[in-house]
Amino acid sequence: AKRKRRKADRIWRKSKAEDDLLLFKRLKNHVTYISNKARREFYAQFINENGNDQNRLFRATNALLHPKDEVCFPDYSDDTSLANDIGHFFYKKVINIRKNLDAVVIDQCDSSRLINDPKFGFNQNLEKFKVLLTDMVSQLIQKSVKKSCALNPMPTSLLVKSLNELLPAITCMINSSLSLGYFPSAWKSTLVDPRLKKTGQPASLSNLRPISNLQFVSKLTERAVSDQTLEHIKCSDIYPILQSAYRPGHSTETALLK
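Per the numbering used here, the sequence shown starts with residue 203, numbered consecutively.
Accuracy of the hints is not assured; some may be wrong.
Claimed, not checked - Computed spacing ranges between beta-carbons, pair by pair:
1) L223 with S391: 21 to 31 angstroms
2) L335 with K230: 49 to 59 angstroms
3) P412 with K239: 20 to 30 angstroms
4) K230 with L382: 51 to 61 angstroms
Honestly, the hints are just simulated from the structure, not real lab data. A virtual CB, placed ideally from N, CA and C, is assigned to each residue, including glycine.
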């Protein structure tokens, strides 16, 4: 339809005939109609698929009603130099955090005020990960955020629509990683999107935070490992006594009670 509209536009601009103008306007209105229809169908399907995920619905609504301004980076001679500088800054930041953690030393006075966690026996070790059945992988996919990444072999939406055909292969890939204890290097590659920490800040490197976009299968494997690890910690009752963050059923209220 868009191709026909452009063709009619070129013909009218060349001929300036009234009939050609009417044809162009009719095709232009048709393109507008089908574009609006496709947009309505897309968001109707999005709402149906994410009806139980209020967080995604809110983010989508907020993005439509309040589009964010693009980050204005400083002038660079080329985009590659800018990307390399941002990547090097994030890399150095991780290295510095690791160095600071290694440098932390608790003296005798501080350690006396700490609550001792229970000591764990060898029977509480997580020796290996369990392989997953296809039904378990299907549930894992349904619970996961359906975001897509340019590194994916295909869009996540297409993968979900073709799940019956692709599920055995995806299950095999995840189970191979779990049983061999090997995470492919390709799954570690990510597209980093630098975002401002707060709206309105200048786009200096210190005000940026990295948003990593990983392949969908790599995130599924991470979720499988995370679920089994947390289940082992819960069943073995080896959560740190004072941990309230990133723990189901715990919050700032439970932290204060401790």
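Here is how each hint holds up against the structure:
Checked against the hint of 21 to 31 angstroms, the pair L223 and S391 fails, with Cβ atoms roughly 52 angstroms apart. Between L335 and K230 the beta carbons are some 53 angstroms apart, a value that agrees with the proposed interval 49 to 59 angstroms. A hinted range of 20 to 30 angstroms is violated for the C-beta pair P412 and K239, which are about 38 angstroms apart. One distance hint, 51 to 61 angstroms for the beta-carbon pair K230 and L382, holds here, with the actual separation near 57 angstroms.
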